[in-house]
Amino acid sequence: MKVHNVVPIVNSRPQKVRENVAFSGKPNIIKDFFQLGRSGNFTRGLFIANAFAFLLGGRLVTSRDENERRETLTRDIPTIVIAAQGVPVIKNWAAKQIQKHTGFAIITEEKQVASSSQLQDWYKYDDKLAVGFDGFSQRLVDFKGNLKKIYSFLGDDIKNKLVGFSDDNLKFMEELSNNKALKQSIQKAFSNSGNKVLEQVAFLKTLPTIIGFAVTLSTIGIFIPKLNIFITEKINKNKSADEQSNNLKMP
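In my numbering, the protein residues as written are 361 to 611.
Incorrect hints may have been included.
[Claimed, not checked] Pairs of lysine to any residue residues, derived as SDA-like cross-links and limited to a Cα-Cα distance of at most 25 Å, are as follows:
hint: 1; residue 1: LYS460; residue 2: GLN472
hint: 2; residue 1: LYS543; residue 2: GLN560
hint: 3; residue 1: LYS456; residue 2: LYS509
[Said to hold, decoys possible] Label pairs and their calculated CB-CB ranges:
hint: 4; residue 1: THR569; residue 2: THR432; range: 24 to 34 Å
hint: 5; residue 1: LYS597; residue 2: THR566; range: 42 to 52 Å
hint: 6; residue 1: PHE590; residue 2: LYS519; range: 44 to 54 Å
hint: 7; residue 1: GLU469; residue 2: LYS594; range: 42 to 52 Å
hint: 8; residue 1: LEU530; residue 2: LYS460; range: 10 to 20 Å
hint: 9; residue 1: ASN538; residue 2: LYS488; range: 50 to 60 Å
hint: 10; residue 1: LYS548; residue 2: PHE573; range: 31 to 41 Å
Derived from the structure by calculation, the hints contain no laboratory data. Only a predicted model underlies this, so the values are computations on that prediction, with no experimental measurement involved. Backbone N, C-alpha and C define an ideal beta-carbon position, used for all residues, glycine too.
Construct the entire structure; sequences and hints are all you get.
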């Protein structure tokens with residue numbers, strides 16, 4: 361069971377009377393690829409395509425020798441791709457690892473790191489919520505959160521009372537329902553906008569972005585240059601060995 365806040369949506373624009381049914385619902389891959397962002401900026405895919413077409417392609421064509429072409433393939437192309445895609449890919453990977461090891465839900469259904477407003481919605485309980493506290497808990501389960509780990513972070517008093525509870529979310533909810541006083545304390549703690557869980561997930565939310573930038577910058581600034589130097593030295597060493605071998609064979 362998935363529980364989400366339902367917000368009524370009113371369509372202010374009149375329904376089109378005539379609609380081309382033949383093309384409705386079919387994605388246009390080419391059109392979507394060349395579609396600019398909201399502020400007119402390039403999408404990541406379009407940025408990489410332009411870099412390949414006008415920058416990297418030109419360098420490959422005008423390369424003076426094999427060594428320069430090889431440097432473009434091993435240094436420039438990975439740098440462009442990682443600069444464009446590194447942060448979001450590593451960020452989402454890091455978020456999954458953080459959620460898996462901490463038990464705090466920070467990833468949305470779209471597999472993206474939740475925004476601050478979303479986390480505020482997930483981790484602050486409102487008495488007016490139609491589904492009640494059970495629905496509030498179920499929503500955290502739906503987002504792959506671990507209820508025992510999350511609720512234990514509300515304070516040492518609650519944490520000590522939850523020591524003997526199950527790590528399984530369904531069993532945990534059953535056990536908590538049998539302890540109405542504890543359930544009421546947890547519900548009250550979540551009603552506070554400054555509760556410790558909300559503060560923790562706000563911190564955890566920033567970690568994937570920091571990790572994404574750190575790994576991307578380290579890869580571009582350290583790993584790729586060192587790899588390029590290593591490959592160049594290896595090639596030059598092999599060429600030198602071949603030349604020496606050929607010289608020895610000459611009469």
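Verification of the hints:
1. Distance hint between LYS460 and GLN472 is fulfilled; the C-alpha atoms sit about 14 Å from each other, no more than 25 Å.
2. Distance hint between LYS543 and GLN560 is fulfilled; the C-alpha atoms sit about 21 Å from each other, no more than 25 Å.
3. Between LYS456 and LYS509 the CA atoms are separated by roughly 16 Å; this keeps the pair inside 25 Å, and the hint holds.
4. In this structure the hint that THR569 and THR432 lie 24 to 34 Å apart at CB holds, the actual value being about 30 Å.
5. Take LYS597 and THR566: their Cβ atoms lie about 45 Å apart, and the range 42 to 52 Å holds.
6. Distance hint check: the CB atoms of PHE590 and LYS519 are about 50 Å apart, consistent with the given range 44 to 54 Å.
7. One distance hint, 42 to 52 Å for the beta-carbon pair GLU469 and LYS594, holds here, with the actual separation near 47 Å.
8. Roughly 19 Å separates the CB atoms of LEU530 and LYS460, a value that falls within the hinted 10 to 20 Å.
9. A beta carbon spacing of about 26 Å between ASN538 and LYS488 contradicts the range 50 to 60 Å that was offered as a hint.
10. Between LYS548 and PHE573 the C-beta distance comes to about 38 Å, which sits within the given range of 31 to 41 Å.
Hint violations for this structure: number 9 only, all remaining hints satisfied.
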